[in-house]
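**Student:** Below are the chains, spelled out letter by letter.
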Amino acid sequence: MNQRDLKLLSSYLDGQLSSSDSARLETRLRTDPNLRSVLQDLRSARSVLRQLPMRKAPRNFTLTPKMVGKNPPLPRAYPAFRFTSAMATLLLFVSFGLNFLRPQLASPSPAFGMGGGGAPDTFAAEAAPQAATEAPAAAESAAATQAPIEEPSVAMAPMSTMTIAAQEDTARAMETQSLKSGNAAEGSEPGLEQSLPAAPAEQPLVSSVWQWLLAAVALLSAFVMALMRQLSINRWRSKN
Amino acid sequence: MNELALISEAQKGDLDAFNTLILHYQDSVYNTALRILGDDDLAADAAQDAFISAFKSINSFRGGSFKAWLMRTVTNACYDELRRQKRRPTTPLEPDTDDGEELDSPRWLADPGMTPDQKAEADELEHAIQHCLNNLPMEFKTVVVMADLQGMDYTEVAVAVRVPLGTIKSRLARARLRLRECLQGFSELLPSAYRLEEESTA
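Taken in sequence, the protein lines are chains Y and D. Following this note's numbering, the numbering of the first sequence begins with 1 at its first residue and continues without gaps. Following this note's numbering, the numbering of the second sequence begins with 1001 at its first residue and continues without gaps.
Be aware that a few hints might be false.
[Unchecked claim] Reference listing, derived: stretches of chain Y covered by chain D, where coverage requires no fewer than 3 residues with Cβ under 8 Å from a Cβ of chain D:
| hint | segment |
| --- | --- |
| 1 | 2 to 10 |
| 2 | 57 to 63 |
| 3 | 217 to 226 |
[To be verified] Partial list, computed: chain Y residues near chain D (C-beta under 8 Å):
| hint | residue |
| --- | --- |
| 4 | R50 |
| 5 | Q51 |
| 6 | P53 |
| 7 | K70 |
| 8 | N71 |
| 9 | L74 |
| 10 | L90 |
| 11 | L91 |
| 12 | L98 |
It should be emphasised that the hints constitute simulated quantities derived from the structure, not laboratory data. In this text, a Cβ means the ideal position worked out from N, Cα and C, and glycines have one as well.
The shape of chain Y in the complex, shown without the other chains:
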């Protein structure tokens, strides 16, 4: 029995042949006992297979959300809160970074004041003759100018220390000069001017009020997100 005839017989059994093919095959079947025998075998096999009982499923195969990794639908406003929280957190970190870098950006020459000499001393030496007896007052003014600056950051502490050291040098120079000359010359302003430029450098770029505000926004958004998620899960569970 060739494969073609086998296929024809099987298809004939299932009524899948065209009428002309069926007629031709029936003619051959009448004259060919071998074909009839194979057809009988195929019919018998199909008949036995159809006697197999359909078993009932041993359990229900219905799916739960967990099985398909499905998440509860979140409210439409959820992404907005997620974005707000992320942006507030990012800005908060940026503000910390800027405040940290501010002193370094403000004093490009580390030699200024660090070596205890350099420009401040030179200015002090030049200003000393003029400062004369008013030098202590100038130092006091400089201190008073620095006082109102709120919350100098930890990073700025070394700079403040350096400035104070420079001021002490200036005061000493003034004292020496006044002892030598005894003149009460005018010109306490230059001494005041040289101590003033340090003041703006110590101000943080982003004030702590803004930082607190950003932190509050980030935390509040995160809290609202958590609340939304929990409510959605509860609602979803009760529905499913």
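Fit chain D to the given chain Y structure using the hints.
**Tutor:** Relative to the frame of chain Y, chain D by itself:
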């Protein structure tokens, strides 16, 4: 049951709609897996995997016979299950003879505790057919299970197996012939079934 509406809802993510479809098709899917794999537990696992996979890929269904699409999924799940079995071979259930060869008869599967004649006969028929199915190559088995056990037409089987119609016809014919040859070895075990057949064709 409005099948198209349920499919449409399932495609939008409605799990309840898909579960309704599952309840309708679960017996067919389980029986297909059972006849392909020949094991109750493996068939249940494959059916469950098939439904999970079907839900996840429901959007790939573009119309036509949903049963054929589902049968393709269960066939794939059966292939996966067989691959897993190959990686983790277990002790075969079929007992060996003293020569180390498998017993040719499925008689050993019959429970000696339940031997009313009718029940034993039905059980043995089922076991004999399953034994012969197990001996078929996978591609023949899949086609004959879908066509003769599930009653699917050739076109549906071709869609489910993703092969041309001519190949389906050829595989089905050869599978039937092989089954017939195999079942002839059980003619003494299955007298009533063959008697019925002979009477019907006489």
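**Student:** Does the closest beta carbon of chain D sit nearer than 8 Å to the beta carbon of Y:K70?
**Tutor:** holds, 7 Å
**Student:** Report holds or violated for the interface hint on Y:R50, using the least CB-CB distance to chain D and a cut-off of 8 Å.
**Tutor:** This interface hint holds because 6 Å falls under the 8 Å limit.
**Student:** Interface hint check: Y:N71, Cβ to nearest Cβ on chain D, cutoff 8 Å. Holds or violated?
**Tutor:** violated, 10 Å
**Student:** Less than 8 Å between beta-carbons is the criterion; does Y:L91 satisfy it with respect to chain D?
**Tutor:** violated, 36 Å
**Student:** Can you tell me if the segment 57 to 63 of chain Y counts as covered by chain D, using C-beta to C-beta distances under 8 Å and a minimum of three residues?
**Tutor:** As far as the segment 57 to 63 of chain Y goes, the hint holds, because 7 residues have Cβ atoms under 8 Å from chain D.
**Student:** Min Cβ distance, Y:L98 to chain D: is it shorter than 8 Å?
**Tutor:** violated, 45 Å
**Student:** Hey, does the Y:P53 contact hint survive, CB to chain D under 8 Å?
**Tutor:** With a minimum Cβ separation of about 7 Å from chain D (threshold 8 Å), the hint on Y:P53 holds.
**Student:** Go through the hint on Y:Q51 and say holds or violated, using the shortest Cβ distance to chain D against 8 Å.
**Tutor:** Nearest chain D Cβ about 6 Å off; hint holds.
**Student:** Would the hint on Y:L90 stand, with a C-beta cut-off of 8 Å toward chain D?
**Tutor:** Violated, about 33 Å.
**Student:** Quick check: the segment 217 to 226 of chain Y, covered by chain D? Criterion 3+ residues, Cβ under 8 Å.
**Tutor:** violated (count 0)
**Student:** Quick check: the segment 2 to 10 of chain Y, covered by chain D? Criterion 3+ residues, Cβ under 8 Å.
**Tutor:** This one holds; 5 residues, not fewer than the three required, reach chain D with a Cβ under 8 Å.
**Student:** How about Y:L74: closest beta carbon in chain D under 8 Å, or not?
**Tutor:** At about 13 Å, which exceeds the 8 Å cut-off, the nearest Cβ of chain D leaves the hint on Y:L74 violated.
When held up to the earlier numbered hints, the structure conflicts with 3, 8, 9, 10, 11 and 12 and fits the remainder.
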